[in-house]
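Protein chains in written order, with my numbering: chain G, 19 to 256; chain U, 4 to 336; chain X, 16 to 305.
FYI, nobody ran anything at the bench for these hints, they're computed from the structure. Treat the hints with caution; some may be incorrect.
As the list claims (entries may be wrong) - Restraint-style ranges between C-beta atoms, simulated for each label pair: (1) U:L161 - G:V104: 41 to 49 Å; (2) U:S187 - X:P83: 56 to 64 Å; (3) G:E202 - U:R315: 39 to 47 Å.
Yeah, the Cβ is synthetic: ideal placement off N, Cα and C, and Gly gets one too.
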Amino acid sequence: MRVLEAEGLAKHFSGVTAVNGVDLAVAEGELLGLFGPNGAGKTTLFNLVAGTFPPDRGRVRLNGQDITRLPAFRRARLGIGRTFQVVRPFRALSVLDNVLASVPSAAAADRDDTEAALALLRHVGLADRAQARAGELTLGMLKRLEVARALAVAPCLLLLDEPLAGLTSSEAGELLGFVGSLRERTSIVMVEHNVRLALPICDRAVVMDAGSVIAEGTPAEIRANPQVIRAYLGEAAE
Amino acid sequence: MIRERPATPVRRTVRSVRPGLLAAAALAALAAAMPWLGVSSYARTLVYYTAYFLTLGQAWNLMSGLTGYVSFAHGALAGIGAYAAVIALNAEWPMAAALGAAAATAVLASLVIGATSLRLRGTAFTFATLFFQELVLLVVRKLRFTGGPGGIVLSEILPVWLPHVMMMVLAGGASIAVALLCRSRVGVRILAIKNDEVAAAAVGIDATRLKLVLFCASAGLAGLAGAAHGLFAASLYPDVLFSVDVSLVALAVPLIGGVATAAGPLAGAVVYVGIREVLQSIAPGLHVTIVGLLLLGVVMFMNEGVAVAIGRAAARWRGHGGRQRARAAAGDD
Amino acid sequence: MSLTLACQLVMNGLVFGALLGLVALGLALIFGVMRVVNFAHGEFITLGAYATFLLVTRLAVPPLTGVPVALVLGALAGWFIQRTVLSRVSGRPELEVLMVTYALSVVGLGLFSQGFGGDFRSYAEGPTGNLRLAGVVVGWRSLSVLIVCLVMGALTLLLVQRSRTGLGLRAIAQNRDASAACGINVPRSEQLAFSLAVGLAAAAGALVSLIGTTTPTVGHEWVLDGFVVVVLGGMGSITGAVVASLALGLIHSFASYALDDSWARILTYLLLYLAILVRPHGLLGRRAEL
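Looking at chain G on its own, in the form it has when it is part of the complex (with noise of 0.2 Å):
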């Protein structure tokens, strides 16, 4: 079963269209990529899908159920997480207290939430740091919390925006590393400016450009395609 199915979203902000009649369909254990040039609509979809505002038109559909007019919140209570393109930790909250901010979806709810807030922690590389605030924290560290706040709700599909911005090559390359590893416990879409490193762990891709989509397919597949080749990669796509 599709774990996400959306069809024809549609999104227009004051005469600029930031999607334009956009598929996408992610099954149940994959890790997608979404990629793009800037302005191509990615974090709108991302936004869309996530339930921060609605679509002008088209539907979304979660483990089959249509959550087309669901707050975002409840989306998350359904099971979607998600990161931030810029991250919004809760600053003046503690690492753990971040964590455990977030309300499980139902499917976890009986879990001893402390443990699991650690063991979670443990698993991004934080828990030495549990009781520091959030505030004080680098931009590194804050993304690996982003990414717990956001496996906290239990999620059957996480969606991760621009992960590796702003991170050094080791930091990304640790991080590539651990959302790889998630792969058993939630499906992934994954938004990525650095197509290098990023393509080569999806099991799909698709790409946009000015608001749909463009080419869809294997990572190798991505990487012949002219039209992607010519909007996007450049002549360096190796």
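Given the coordinates of chain G, assemble chains U and X onto it according to the supplied hints.
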């Protein structure tokens, strides 16, 4: 692979709060016993007003301190509670029912404002409360049911200790409730809303419902505080009860002392009463100005309130050497 | 309703609306450029009112000269407050800045109450007599207030819409960082916007002292209506604020005649409440457009 690090033992703060709660309960009990302890009526009144401002402050804190949505309505909500209680008592209702009416009326009013404006941006909510405050004053002055501009008077004479004890119970109860809430999971979620409402929604927090529930609870508390004070004052005048002063106290006390903490409003209430008393003899008209300046200073320079600022300074003074050593031992990243 | 009565009410409404427009203009300017809800705006109105009152009663100066004096006085006070207080909190979250302006208003209110007491002050000097226009009687006092308001409002609108400085203000309202990156002196523009806005408020106060009574809370009352109007007109939209002021003035005038003053105000606030709900961005403006 992300290197797994050993977890430091997590100090869940519930255990450390208990002595604080016991102290608060003991303090409230002691203060409530004052009418029988033979203290001067001046001291008793001072403690009473501290408790009143503390309760109002905790009510405001419960909503605006925790969510960051500023309310200017708490004075009006307290006033509504006062009127409801006095009108009910004058109509021969039993005390418990009158108090219930006070809380219920205030909650109903807050429900109307909250259900309509909490979905909007914070500024819209603040404006809504501002206009609510004005509206209530106008309506109360207009209606004969509420006695018009001349106000109403409580017809029965109550024993002096009754409003006093009531206020102490409210003050103690409110402070304990806020303390427990701040430590609870719900409290973490509420503070998350204040930090970043969009991120909070992304992790499944129903911000609108939480804000509404908090606002209603805070209104109920303010209504009860107003009711107790109405019994204390016995004569209610709309211009006094619904003046800007009351809403100012409700927000100045927690802001000065420290929002989103249970101890902050206590510090703020003590400071406020202290200032009023000191200025009474020197320059009685200036206390509003001084409170304003104090508020300004706190928001600009100590914006987590006096209580937290002092706490931080003390911790820094104590732990300065220790923290540096710990940081060195933890290494980089 | 007879035509003369209707014209009378319209006139009243226009005067009220014009004064309100001056106040709202300032509020919208400050919100548009600085994203600050200036709760202290009323204190500047009160400042202008008392300053004019003192000028008239102590120095026997004609009241209308109070207007430029109040304007300058208000602008100076505003400049000082902007430099010492507001610029320090400029990056901070809305709640804190709101508290700062609120605290300032409390300080101002306290000072005025202490200095002048609660008495109602008014004076008889100033334009008197009536003008007869096609059967409608218009007091010179009200008319002069209307004229001054229109002139000042028009000049301000010209400044904002047509001058280079105004362009800078409008740019900042749209995007602060981009404006700074384009070389616009943002701190200086904020000082200008604030000083101008509260100067206008003080001038409005001078006019209020002419046609009403002056008390320590006089500004506070006008500013509440000013907020109504700014929200109705779209937070930060100047033209919206002006249009909404005139509309509100007319509604208020007719409502005061049909019902009484208190019910008229209650009606006003209820209207506002509905307006906030229906259009949280106000009736005319979109965000960040002066």
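Cross-check of the supplied hints:
1. Between L161 (chain U) and V104 (chain G), the C-beta spacing of about 58 Å breaks the proposed range 41 to 49 Å.
2. Restraint check, S187 (chain U) to P83 (chain X): a C-beta distance of roughly 59 Å satisfies the suggested window 56 to 64 Å.
3. The hinted range of 39 to 47 Å is satisfied by E202 (chain G) and R315 (chain U), whose Cβ atoms lie roughly 44 Å apart.
Of the hints listed earlier, the one the structure fails to meet is number 1.
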